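A.B. asks: Construct all of the structure, not just a fragment, from the sequences and the given hints.
Chains U and C supply the protein sequences, listed in that same order.
Here my numbering is used: the first residue of the first sequence is 1, the next is one more, and so on.
Here my numbering is used: the first residue of the second sequence is 1, the next is one more, and so on.
It is worth saying that the hints were derived from the structure and are not from the lab.
Predicted model, so just to flag it, every value in this text is computed and none were measured.
Quick reminder that beta carbons are idealized off the backbone N, C-alpha and C, glycines included.
Warning: the hint list may mix true and false statements.
[Unchecked claim] Between beta-carbon pairs, the in silico distance windows are:
no., chain 1, residue 1, chain 2, residue 2, range
1, C, Thr-62, U, Leu-352, 26 to 36 Å
2, C, Gln-64, U, Gln-226, 18 to 28 Å
3, C, Leu-122, U, Lys-328, 41 to 51 Å
4, C, Leu-197, U, Phe-347, 12 to 22 Å
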Amino acid sequence: MVKSRLLLPFVIIGVLLVLWGLASNASSTSAAPLSVDRSAAPPAQQTEQYCLSCHGKPDLKMTLPSGEELSLYISPDQLKSSAHSPAGIECEACHTNITTYPHPAINFQTRRDLSRSYYEACQKCHPANYAKTQDGIHAKSAAAGDPKAPICTDCHGAHDVQKPDQPRVKISQTCSPCHQDVYDSYKNSIHGSALINDNNPDVPVCTDCHGVHNIQDPRTAQFRVQTPEMCAGCHADPQRMSKYNLPTDVYSLYQTSWHGVDISVYKANWPTIWHESAVCTDCHSVHDILPASDPKSSVNPNNLLATCQKCHKNAGPNWTSAWTGHNKIDPQRTPYLYAVDRFYSQFAQAVLWLCILYVVLQIMHALVDRVRRSLK
Amino acid sequence: MSAVNSAAPATHGVQVVRFFARFARAQRWEHWLLFLSFTVLFLTGIVQKYRTESWSQNILSTPQRLVWVQSIHHVAAIVLIVEVIIHLAHGFYLLARRKMPHAMFPEWQDVKDAGSMTKYLLFLAKRRPKYGKYSFEEKLTYWFLFFSIGIMVITGFVIWFPIQITTVLPGSVVPAAKLTHSTEAIVAGVFVLIWHLYHVLIERLNLSMFTGRMNENDMRKYHATEYERLTGESADTPDQGGQA
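C.D. replies: Shown next as structure tokens:
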């Protein structure tokens, strides 16, 4: 009797746990929007065939109130090779308001209005990414009234939606129609040329630095102070850097430098206050980064003084050697610094320990004297 | 140098203590300038040196505070430099007039004193060495800080005006000066805190740099040679070598 009374709470807790487990399991399966059963045979796509019986005609079009012509033709080939159609996602999944023929009247003034209205349908299946875009700079420009601010379909396509990163160069090319000047500067950089010419898997594409859906304004103080950490994501990664024989201590050495200490303090305490101390991109350039050996690089020895003078206006030709670089203290490259470092590593220890030793001896002698006198 | 107070008639229960003049008023003023500027420089300096530590960031909690701390450091540096200039100018004046007292200069006797003192501290000798007006410990304090402050002033200028300095000197002196300034500050700070403060506060309370004078007992024990030179008496006391 006593035993069963003791067991009762455990039984209740156990039952509750099982129920809770079932409930959370059930909710997680029902909430997973992308759990398309790809092992089954391709679905019939009956609706799609039905829609294409009209929309498969190349000359199907209408005129919007703005006077713009809206083609209503959907290429069946494009549709079938998209990411959605083979997965069984039918037309009305996105065109939720169209279920019958004749279609309900549309009241969009322009083609842009139409796109901006339909892309809302993406959030049904892609709620996380949709929510992220709402925090991004593109959503902010849209909210500020810019109709050209990109929506899902501008980057991903609509009926021809494809995996966005295959091949990888596609990501950066996706940004280029609107950010052409940036892309032009990027494509000749060490990162861009390796991406475009060699399909290099390690170099950053636009989204690696700027983020994907919640793209932030890169001109803010916050973005600035976190730049070194961002670059370090790759440039302090031994696995990635060893392939290209690049040093991985550039970030840790930067952090001990005058610039780096300033930036780390601002990052920790006042990330929203603009600070001029140099971050990686101030010296190495932003999109058009080139290796220091390249004569066009902003950190090439011949261009270095001009780069320093962007901030240190009156710096003279001797100035550039004040920069110890991302190099360790080295007898050849930084002889003065090396000498000072070697000297103090011995001298500081010697002073400290001699002072302590002498004072300890003094105190011990004084104590012994006192004891001796009291024993007299 | 002579005894300040001549002996008064001794009566029962009254002990007459003679004081010896040790530091002139100007020297005491110089010490005040040095003490204040050094303390302010050390405190405002370590806050900047350890900017990445959280205790420092609690003090430098706004960018404005960092500017203040740097300004205070610069003002204190100017005070210290003024003091250095006064000190050196006075030194050169005395040299030119051939009046420079030799008591502060290191001599072979100091090396011997250091050896004897070490023996005494290790119980290898019974008596502590007899020092002159300035013991080897005091001379070491003076000359250590003399060169430390020289290093700090020079390197401080290099990192205060790097652009101007590199019009003359190679750029690589700037990071070297920064490391030197930052490290020598700690070395000098440790030296003052352990060596100097032990000798003037703990070994015995020696306020002669503030009062300008030293009492007879301390003179006998710690500056025996000087005591004997000034008084013509023996400095030996029954409890020689004991605690003051």
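A.B. asks: Each of the hints needs a verdict: does it hold here or not?
C.D. replies: Right, here's what the structure says about each hint:
Range check, C/Thr-62 to U/Leu-352: Cβ separation about 34 Å, and the 26 to 36 Å hint holds. A beta carbon spacing of about 23 Å between C/Gln-64 and U/Gln-226 agrees with the range 18 to 28 Å that was offered as a hint. Judged by the Cβ atoms, the range 41 to 51 Å given for C/Leu-122 and U/Lys-328 holds: they are separated by roughly 42 Å. About 21 Å separates the C-beta atoms of C/Leu-197 and U/Phe-347, a value consistent with the hinted range of 12 to 22 Å.
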